[in-house]
Amino acid sequence: MNAISIKGLSVSYDRKTVLTNVYMDMEAGKLYGVLGPNGAGKSTLFKAILGLISSNTGQVLINGEPVEEQRKKMVYIPQKGEIDWQFPATVMDVVLMGRYPFKGIFQRLSQEDKNIALQALEDMGIANLRSRQIGELSGGQQQRVFIARALCQQADIFLLDEPFVGVDITTEKKIIEILKQLTDKGKTILVIHHDLSKVKDYFDKVILLNQWLVAYGDTEVTFTEENINRAYRGQLSILHRTTLD
Amino acid sequence: MELFDLFNYALGIRALIASILVGMMCGVLGCFIVLRNMSLMGDALAHAVLPGVVLGFVVAGSAVALGIFAGATIAGLLAAIMITWLQHNAKTKNDAAIGIVFTAMFSLGVIGISKVSRKGAHLDLDHFLFGNVLGLSNADLYLTAGITLYVLLSVVLFYRYLFATTFQPVIAETMGIPVKVIHYYLMLLLSFAVVASLQAVGVILVVAMLITPASTALLLSNRLNWVIVISGIMGVLASVIGLVVADVYNAPPGPAMVVVATLMYLLAVFFAPKKGLLFKFLYKRKTRNRIQFEDTLKQTLKLHERSSLSLPNLQERLGFNSRILKYNLSLLTKKGLVNTKNNIISITEKGITQATRLVRAHRLWETYLVEEMSMDAGQIHEEAEKYEHVLTDDILDELEAKLGYPKLDPHGAPIPQNEYQPEKPLSMLPLNATAEIAQQQLNEHLITRLWQLGLGPEEVFIITEIEDNYIEIKMGRELVKVPRTLANKVNVVKLGEQVAMG
Numbered sequence: 001m002n003a004i005s006i007k008g009l010s011v012s013y014d015r016k017t018v019l020t021n022v023y024m025d026m027e028a029g030k031l032y033g034v035l036g037p038n039g040a041g042k043s044t045l046f047k048a049i050l051g052l053i054s055s056n057t058g059q060v061l062i063n064g065e066p067v068e069e070q071r072k073k074m075v076y077i078p079q080k081g082e083i084d085w086q087f088p089a090t091v092m093d094v095v096l097m098g099r100y101p102f103k104g105i106f107q108r109l110s111q112e113d114k115n116i117a118l119q120a121l122e123d124m125g126i127a128n129l130r131s132r133q134i135g136e137l138s139g140g141q142q143q144r145v146f147i148a149r150a151l152c153q154q155a156d157i158f159l160l161d162e163p164f165v166g167v168d169i170t171t172e173k174k175i176i177e178i179l180k181q182l183t184d185k186g187k188t189i190l191v192i193h194h195d196l197s198k199v200k201d202y203f204d205k206v207i208l209l210n211q212w213l214v215a216y217g218d219t220e221v222t223f224t225e226e227n228i229n230r231a232y233r234g235q236l237s238i239l240h241r242t243t244l245d
Numbered sequence: 246m247e248l249f250d251l252f253n254y255a256l257g258i259r260a261l262i263a264s265i266l267v268g269m270m271c272g273v274l275g276c277f278i279v280l281r282n283m284s285l286m287g288d289a290l291a292h293a294v295l296p297g298v299v300l301g302f303v304v305a306g307s308a309v310a311l312g313i314f315a316g317a318t319i320a321g322l323l324a325a326i327m328i329t330w331l332q333h334n335a336k337t338k339n340d341a342a343i344g345i346v347f348t349a350m351f352s353l354g355v356i357g358i359s360k361v362s363r364k365g366a367h368l369d370l371d372h373f374l375f376g377n378v379l380g381l382s383n384a385d386l387y388l389t390a391g392i393t394l395y396v397l398l399s400v401v402l403f404y405r406y407l408f409a410t411t412f413q414p415v416i417a418e419t420m421g422i423p424v425k426v427i428h429y430y431l432m433l434l435l436s437f438a439v440v441a442s443l444q445a446v447g448v449i450l451v452v453a454m455l456i457t458p459a460s461t462a463l464l465l466s467n468r469l470n471w472v473i474v475i476s477g478i479m480g481v482l483a484s485v486i487g488l489v490v491a492d493v494y495n496a497p498p499g500p501a502m503v504v505v506a507t508l509m510y511l512l513a514v515f516f517a518p519k520k521g522l523l524f525k526f527l528y529k530r531k532t533r534n535r536i537q538f539e540d541t542l543k544q545t546l547k548l549h550e551r552s553s554l555s556l557p558n559l560q561e562r563l564g565f566n567s568r569i570l571k572y573n574l575s576l577l578t579k580k581g582l583v584n585t586k587n588n589i590i591s592i593t594e595k596g597i598t599q600a601t602r603l604v605r606a607h608r609l610w611e612t613y614l615v616e617e618m619s620m621d622a623g624q625i626h627e628e629a630e631k632y633e634h635v636l637t638d639d640i641l642d643e644l645e646a647k648l649g650y651p652k653l654d655p656h657g658a659p660i661p662q663n664e665y666q667p668e669k670p671l672s673m674l675p676l677n678a679t680a681e682i683a684q685q686q687l688n689e690h691l692i693t694r695l696w697q698l699g700l701g702p703e704e705v706f707i708i709t710e711i712e713d714n715y716i717e718i719k720m721g722r723e724l725v726k727v728p729r730t731l732a733n734k735v736n737v738v739k740l741g742e743q744v745a746m747g
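Protein chains in written order, with the working numbering: chain A, 1 to 245; chain B, 246 to 747.
For reference, chain A alone in the conformation it holds in the complex (with noise of 0.2 Å):
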């Protein structure tokens, strides 16, 4: 059975066409790029996966179920400018809140739900960090954090808007480390990424995308010049190019 499934999916805004009658399945366990210039429907794409867009037209499915009954099994970690760091709250705070699709209307959090949340802190080697403030740690850190997030809702399927945006190389690779174990175990993760030169390295399917599916499939197989100039129509630089060799 297919981690996600999109049969047919088209979205406009304002009459405006975004995605065009998407076709895809992926895979679960492996781990995905999400590539393409900017307004090709990237986040859009995302979106719809998440069951944040009444208004499309086709169908997404999750673990083969509609998207309303695999909700908890979704995670969305948003670029680090969607997130208010000077907000007052704590990284277990953050954490903890993996927990509440579980939680009815007046249940409060138990002991076992903060159990659940230590130990996906533990997992991301930052327990010692749980009592600071979210702006108080270092760009990797915060990258933990929703990460751990993500593993305290024990989630399926992580979607990363662009992760390495404003975080140095090394916090790059140690993002990408974590990803790949995650998906040694079972979790599909989808990233939105832009920089061409480490597709290579980093994922092990891509999906190119410009308003409408370019191609998707194995990076060594899909990753080719030609599929690229597609997806960008001629919007790569020299130096962009001369990276993909």
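Source of the hints: derived by calculation from the structure; they are not laboratory data. Some hints here could point you the wrong way.
[Unchecked claim] Partial selection, computed: residues in chain B whose CB lies under 10 Å from chain A:
1) 402
2) 406
3) 417
4) 421
5) 467
6) 469
7) 617
8) 647
[What the hints assert, rightly or not] The calculated DSSO-like cross-link candidates involving lysine-lysine, where the alpha carbons are at most 30 Å apart (straight line), are:
9) 173/A to 647/B
10) 200/A to 726/B
11) 580/B to 595/B
12) 198/A to 73/A
13) 80/A to 595/B
14) 338/B to 16/A
15) 80/A to 336/B
16) 647/B to 80/A
17) 173/A to 652/B
18) 180/A to 719/B
Glycine included, C-beta positions come from ideal geometry on N, C-alpha and C.
Here the structure of chain A is known, so what remains is to put chain B in place on it, guided by the hints.
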């Protein structure tokens, strides 16, 4: 005494209780208003309830308090809905939509009051604008108590939802939390709070009771649950102190409460621990002083090494004015790092050790910038000048292990070495020797570095090649090249005598 008089009267007691309730409720609710960047919305709802108040007053008959409450709540919600609708559908900017709706509704309310007054009914615009806390009836007080209880209970029960939708609305939505419902529920609570506060502080000043204590609390704590508690306490303090001050100085109570809240806020701006301006100033100065101190020590060592240590040379290298330099030298002398007897400067053993640590930090950081961050050797000195003052010993040990214990920095200058020598370093083993990685190593960071090369404790290996730069070892079938600088630091246990020696 006037104060005494006030609390002897039922009116005074009622005013006091109402002030406490309103202060607490607005303080608590205000945290979410501020964190959601909805301060203007709070102000808007406060003004927008006015037509509802008038209508409620006219329709209600004898149950005035209840009529006003119902009318105001409906008007508040209506305003919230209209504002959101305009923002989404009319393509009007967010704050403009808020401004349009609330001024329109407020105007309707003012016109309404003038009409009602003409018919001889008692409705005083001034009381709505600036409050009339001393004119509270028992019914008003019960209503205020009921509303406060309801609002506080809601915040406690829905704390998780309020936190999630305030902090990350999109994430909350993916979790299946009804973000829009929560938004309107908060607007409902806000309308309640506004109505309850009308008599205490009035339409124009309600927003201050919502945002000023909350902003104060946000300067004082980094944890939302504490921010809420502190904000509630600040709200109570502001309204009670304001009421007493107003009584003593015969001033209007509402504005007095707001002035007190603002004074508390200003105190926090300047004196809050960590986030206060005074703290920041002192911290900056402390850091600057420490950097000057450490720079003086380092340059003293450098001049000492060139045997040209003197006050003028130091001054030229550091570029400090002589007062600052003398101050730092006296500080160094006091700590036993430098001697300044008979105006001759010399550096002590202890001083050399500490200055060497700074040099090590500087050169290790430069090496790190070049090797790991691919920076140019020409552009790293400035950066390292800053970082040598903040790197802890632990980070330095980690850096050193990560870089494989380099001996020279990118400019070719020697990096002062950690004196540690393992009992039996890997680099001392002859060719073909068999050994295992010892349990005991210099520190955690070295162990981590070894893990990264696939070398765990008690891993058995054979030396297969010895070169100037590296030593090649074989584990099972795998060949690993260990840089010589790293091999110097790795502790090993040589296995039995029968092992072939090179």
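Here's how the hints hold up against the structure:
At a threshold of 10 Å, the smallest CB-CB gap from residue 402/B to chain A is about 7 Å, leaving the interface hint in force. Contact between residue 406/B and chain A, as hinted, is supported at the beta carbon level, the nearest pair being about 8 Å apart and thus within 10 Å. Taking 10 Å as the C-beta contact cut-off toward chain A, the hint placing residue 417/B at the interface holds, the least distance being around 8 Å. The beta carbon of residue 421/B is positioned within 10 Å of a beta carbon in chain A (closest approach about 5 Å), and the interface hint is therefore held.
With a least beta-carbon distance of about 4 Å to chain A, the hint placing residue 467/B at the interface is held under the 10 Å criterion. Because the smallest distance between the Cβ of residue 469/B and any Cβ of chain A comes to about 5 Å, under 10 Å, the interface hint for this residue holds. Taken as an interface hint, residue 617/B checks out: its beta carbon lies about 6 Å from the nearest beta carbon of chain A, inside 10 Å. Restraint check, residue 647/B versus chain A: the minimum CB separation of about 9 Å is within 10 Å; hint holds.
Of the pairs offered as hints, the one joining residue 173/A and residue 647/B holds, with about 14 Å between alpha carbons and a cut-off of 30 Å not exceeded. For a cut-off of 30 Å, the pair hint linking residue 200/A to residue 726/B stands: about 26 Å separates their Cα positions. Between the alpha carbons of residue 580/B and residue 595/B the distance comes to roughly 9 Å, so the proposed pair stays at or under 30 Å and holds. With a C-alpha separation of about 28 Å, the suggested pair residue 198/A and residue 73/A falls inside the 30 Å cut-off, and the hint holds.
Simply put, residue 80/A and residue 595/B have alpha-carbon atoms about 45 Å apart, too far for the 30 Å limit, and the pair is violated. Distance check on the hinted pair: residue 338/B and residue 16/A sit about 21 Å apart at the alpha-carbon level, within 30 Å; holds. A distance of roughly 28 Å separates the Cα atoms of residue 80/A and residue 336/B; the hinted pair therefore holds under the 30 Å criterion. For the hint linking residue 647/B to residue 80/A, the alpha-carbon distance of about 27 Å falls within 30 Å, and the restraint holds.
Restraint check for residue 173/A and residue 652/B: satisfied, since their Cα atoms lie roughly 26 Å apart, inside the 30 Å limit. Taken as a hint, the residue 180/A and residue 719/B pair is honoured in the structure, with Cα atoms around 27 Å apart against an allowance of 30 Å.
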